[in-house]
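J.: Here the protein sequences line up with chains A and B, keeping their order. Residue numbering for the first sequence is 1 to 382, as defined by this note's numbering. Residue numbering for the second sequence is 1 to 459, as defined by this note's numbering.
Keep in mind the hints are simulated off the structure, nothing from the lab. Just to be clear, a hint being listed does not mean it is correct.
Said to hold, decoys possible - Estimated spans, in silico, between C-beta atoms of each pair:
1. B:ARG381 with A:ARG66: 19 to 25 Å
2. B:GLU26 with A:ARG66: 52 to 58 Å
3. A:LEU32 with B:GLU26: 41 to 47 Å
4. B:GLY267 with A:ASN199: 31 to 37 Å
5. A:LEU32 with B:ASP415: 46 to 52 Å
6. B:GLU413 with A:ILE334: 16 to 22 Å
7. A:PHE152 with B:ARG381: 39 to 45 Å
8. B:ASP357 with A:ARG66: 56 to 62 Å
9. B:GLN124 with A:GLY343: 42 to 48 Å
10. B:PRO265 with A:ASP202: 54 to 60 Å
Stated by the list, open to error - Chain A stretches covered by chain B per the calculated footprint, using a threshold of three residues with CB under 8 Å from any CB of chain B:
11. 61-75
12. 149-155
13. 288-300
Said to hold, decoys possible - Here are some chain B residues the structure puts well away from chain A; computed CB gaps all over 10 Å:
14. ALA223
15. MET264
16. PRO291
17. GLY345
18. ASP425
19. GLY430
20. LYS456
Predicted model only: the values in this text are computed from it and were never measured. Even for Gly, the Cβ is constructed at its ideal location relative to N, Cα and C.
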Amino acid sequence: MTQPLIEIRSAPHVQGPKSVETIMRHVVYSLLPICAFYVFQYGISALASILVVTAACLFAERYFVRTGTQAGRLSDYSAVITGLLLALTLPPGFPLWMGAVAGLVAIALGKALFGGIGFNVFNPALVGRAFVQAAFPTAIATYTPSFLAGRFTEFIPSSLAWPLMIPADAAIWLKAKNLDALAGATPLAKWKFDGVLANAGDLLTSLSGNMAVGPAPVLILVCGAYLALRRFMDWRIPLAIIGSAALTAWLLYAFDGVRYPNPFFMLFSGGLILGAVYMATDMATSPVTPKGMWVYGALIGLLTVVIRYYSGLPEGVMYAILIANAASPLIERITQPVPFGRGVLDRAKKRATYPLNPGYISREEASAVTPKKRFLPKKPKK
Amino acid sequence: MKLVSYFRGEAFQRGVHPPSCKLTAERKIRRLPFPPKVTVPLSQHIGKAPRPIVRVGQEVLRGQPIARSDEWLSVPHHAPLSGVVEFIGLRPGMRGTWVESIVIRAHPGATQEDLWGRPRDLSQASGQDILQAIWDTGMVGLGGAAFPTHAKLSVPKQAKVHTLVVNGCECEPYLTCDHRVMVEHAHDLIHGIRYAMRATGAVRAIIGVEDNKPDAVAVLRQAIAWAGAGGAFPEGTIHVEAVPTKYPQGAERMLIMALFGTEMPAGGLPIALGMVVSNVGTLAALGALLPAGRGLTERVVTITGPGVARPGDYRVILGTPLKFVLDYAGVPAVDALDARQVILGGPMMGQAIGSLDVPITKGVSGVLVFRHEDMQEREARQTYPCIKCGECVESCPMGLNPSTLGMLAAKREYDQMGERYFLGDCFECGCCTYVCPSNIPLVQQFRVAKQILREKAAA
Chain A
1 MTQPLIEIRS
11 APHVQGPKSV
21 ETIMRHVVYS
31 LLPICAFYVF
41 QYGISALASI
51 LVVTAACLFA
61 ERYFVRTGTQ
71 AGRLSDYSAV
81 ITGLLLALTL
91 PPGFPLWMGA
101 VAGLVAIALG
111 KALFGGIGFN
121 VFNPALVGRA
131 FVQAAFPTAI
141 ATYTPSFLAG
151 RFTEFIPSSL
161 AWPLMIPADA
171 AIWLKAKNLD
181 ALAGATPLAK
191 WKFDGVLANA
201 GDLLTSLSGN
211 MAVGPAPVLI
221 LVCGAYLALR
231 RFMDWRIPLA
241 IIGSAALTAW
251 LLYAFDGVRY
261 PNPFFMLFSG
271 GLILGAVYMA
281 TDMATSPVTP
291 KGMWVYGALI
301 GLLTVVIRYY
311 SGLPEGVMYA
321 ILIANAASPL
331 IERITQPVPF
341 GRGVLDRAKK
351 RATYPLNPGY
361 ISREEASAVT
371 PKKRFLPKKP
381 KK
Chain B
1 MKLVSYFRGE
11 AFQRGVHPPS
21 CKLTAERKIR
31 RLPFPPKVTV
41 PLSQHIGKAP
51 RPIVRVGQEV
61 LRGQPIARSD
71 EWLSVPHHAP
81 LSGVVEFIGL
91 RPGMRGTWVE
101 SIVIRAHPGA
111 TQEDLWGRPR
121 DLSQASGQDI
131 LQAIWDTGMV
141 GLGGAAFPTH
151 AKLSVPKQAK
161 VHTLVVNGCE
171 CEPYLTCDHR
181 VMVEHAHDLI
191 HGIRYAMRAT
201 GAVRAIIGVE
211 DNKPDAVAVL
221 RQAIAWAGAG
231 GAFPEGTIHV
241 EAVPTKYPQG
251 AERMLIMALF
261 GTEMPAGGLP
271 IALGMVVSNV
281 GTLAALGALL
291 PAGRGLTERV
301 VTITGPGVAR
311 PGDYRVILGT
321 PLKFVLDYAG
331 VPAVDALDAR
341 QVILGGPMMG
351 QAIGSLDVPI
361 TKGVSGVLVF
371 RHEDMQEREA
381 RQTYPCIKCG
391 ECVESCPMGL
401 NPSTLGMLAA
411 KREYDQMGER
421 YFLGDCFECG
431 CCTYVCPSNI
441 PLVQQFRVAK
451 QILREKAAA
């Protein structure tokens, strides 16, 4: 007699719609408009940088997955995210071979070293960027102005530097274009070293003038809002970062309005918005507990402002996020959620339909009065 | 998402919204034919199994007690068929082990009427008498946990009960048996509620129904008005409340949260708040059985799933083998070897079984059949390491941290799971595993961990 073949499996027998691939794929989708804007700003140099860095990340990912060093698979899109984000944080005229180094290091030291997807302690893209910041300090500080004429036909000369060679000097190239060297400085560097403050509204859209800035913060916020509404990203972390950075900057500004810039300049300059929306929200490196997310975000916002104001560097988002990444297991440990029924017990929710104790029997009775405060019954005396 | 649940007006925090798939909500309850042979396992409920009081070869009448015990946490069983006891011994059980059972072969040509019960008048009975009568029916919670009803309804001396909460949520996808019982047997349900209120001394009863069953709410309101007008009970003591649909609303803690806005203390019972919670199916069955003085011999079971040709809610004789049930409901799969998975209960918490000889027991609320093609999407899912997305933390109705618990389970740090992360509060609703994008079998890991902790505590 043949028995029908049925299988045993552990409950639940149905599965929700979200998978790692869907989450990562949607993050990539939301990054595409930002990348397009970046290419629109800087032309083919930016495009080449994005492609080379992403390719380097994918190459490293493939190697480490193949050799079994790290978990996950190439098709989970996580390496694509790392590549795109890393390219967006590098200057557009960053030599391509250095970009490739950054991509390889990001995956190798940032991800494979810890065991692959989910195990990394630090955001891989930022590990890559921190590495090249230490290795190539001049190249990474060399920005070029956006919206230059002929940007779609001509590479920024430093992009095409040969490996291990000194890249062409951007200042000479800019002079040939009738722009002074200061045009190539980021708004943050201008503020830090020259005391020139850019208009916050211009920074928000990145469109006016030839500013040396990344993609428009407003576009990043819109793309982030899409992710948050589809619940592919947690809304608490960006909100906490922006809130805490704004609060710290505003307090200092109120304390001394001459020495410190206004808080809007702080928020929309540099990589703060990109970091808040895309870098700090990296799932593996941020806390899982809702309370911990607030603490983590607040820490990043505070550190960013402190580093920008009091250190030798104009930009502080990267180090703030890396420090908070390191702190996130600790934050998680002290912000464990309180399980149901273990918290303060005498708070009754306002929307409760029935009082706990039947002081009255029917809500329909005309004389019924809902008691204002609700109490737990007293413990029976033994 | 606290914010979202606030605007949606959801009743308790977190939880999930799986697709409801209630294929059989519009279909009337039908009777499944009597099988030629039934298998009655002795242990169908929480607590000690009763001993058989019949012997092989003895003739039994439908409704006659065939097993009983003097233990407090144990109920008798009644013969579901008039026939001959063929065998007493080990038969396949739903958990995969073989369990002590009584097999009864039906008399060919027997009418299968209830011949045993004698009607009794409970209008003047005291609470104790009603509890005794409930014990006599062999009633256990029909919602799935199968806890003996008389034990649930009996109030300890030092406690006082003022509210009977009637659980008509049926939050599991696919299942509709409680829904149909509420619609078709509203009067039995109200009788049952009256008996339970008298047994516990409760002064009010609140029926919580999820708002995806508006017809049940309407029917119940009408039935209450009708019975109240007849003077069966003081007006306004039985309420029907529609609670927002969300899984796992049917858990008693969640339902109490939805109705009263208070958290039940961890590790406590509803009785600490002066409440007793019971399922609608249980009370409706009580309302029918108590006055007739009969025993529990059948129950309503939802037979559904993509693999069933004639899905519906069927009144099934306890002990009917699944093979018979599925043949009748039209599972071509049974012969074509196509049924992939047969689940007793709902898809979130149900038990997948490994043999079609397993019988329907008192705690089985549904039979779910999935075919090969229904499983393919799920099987194509890759399993990843935990990416710490926090979805599980956002969905755990008990407010635990399944992400960290899962990682501790992988490292076998079971003691830490129990002490620091409150593993004992988990009631295995399956929300965390349902939402996990990495496809990690969290609930299974927690079951293993709990079992190991229990064994450690016992040792």
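J.: Does each hint hold? Answer for all of them.
T.: Structure-based check of all given hints:
1. Checked against the given bound of 19 to 25 Å, the beta carbons of B:ARG381 and A:ARG66, roughly 22 Å apart, stay inside it.
2. In this structure the supplied range 52 to 58 Å holds for B:GLU26 paired with A:ARG66, their Cβ-Cβ distance being about 54 Å.
3. Checked against the hint of 41 to 47 Å, the pair A:LEU32 and B:GLU26 passes, with Cβ atoms roughly 45 Å apart.
4. Hint check: B:GLY267 to A:ASN199, Cβ distance near 60 Å, so the stated range 31 to 37 Å is violated.
5. Between A:LEU32 and B:ASP415 the beta carbon distance is about 48 Å. The supplied range of 46 to 52 Å therefore holds.
6. The hinted window of 16 to 22 Å between B:GLU413 and A:ILE334 holds, with their beta carbons roughly 19 Å apart.
7. For the pair A:PHE152 and B:ARG381, the beta carbons lie near 43 Å from each other, so the given range of 39 to 45 Å is met.
8. For B:ASP357 and A:ARG66, the hinted distance range of 56 to 62 Å is not satisfied, since their beta carbons lie about 48 Å from each other.
9. The hinted range of 42 to 48 Å is satisfied by B:GLN124 and A:GLY343, whose Cβ atoms lie roughly 46 Å apart.
10. For the pair B:PRO265 and A:ASP202, the supplied restraint of 54 to 60 Å holds, since their beta-carbon distance comes to about 57 Å.
11. A count of 3 residues in the segment 61-75 of chain A with a Cβ less than 8 Å from any Cβ of chain B is obtained; the coverage claim is therefore met, three being the minimum.
12. Counting residues of the segment 149-155 of chain A whose C-beta sits closer than 8 Å to any C-beta of chain B gives 0, which falls short of three, so the coverage hint is violated.
13. With 4 residues having a Cβ less than 8 Å from any Cβ of chain B, the segment 288-300 of chain A passes the three-residue criterion, so the hint holds.
14. Annotated as non-interface, B:ALA223 keeps its C-beta farther than 10 Å from every C-beta of chain A; the closest such distance is 17 Å.
15. For B:MET264, the requirement that its beta carbon stay farther than 10 Å from each beta carbon of chain A is not met, with the minimum near 5 Å.
16. With 10 Å as the threshold on Cβ separation, the claim that B:PRO291 sits away from chain A holds: the shortest Cβ distance comes to roughly 26 Å.
17. Against the 10 Å criterion, B:GLY345 falls within the reach of chain A, whose nearest CB is about 8 Å from its own CB.
18. Chain A draws B:ASP425 into its interface by the beta-carbon criterion, the shortest separation being 5 Å against a cut-off of 10 Å.
19. The claim that B:GLY430 is not at the interface with chain A is violated, since a C-beta of that chain comes within 10 Å of its own (minimum 3 Å).
20. Listed as a non-interface residue, B:LYS456 keeps its Cβ farther than 10 Å from every Cβ of chain A; the least gap is roughly 21 Å.
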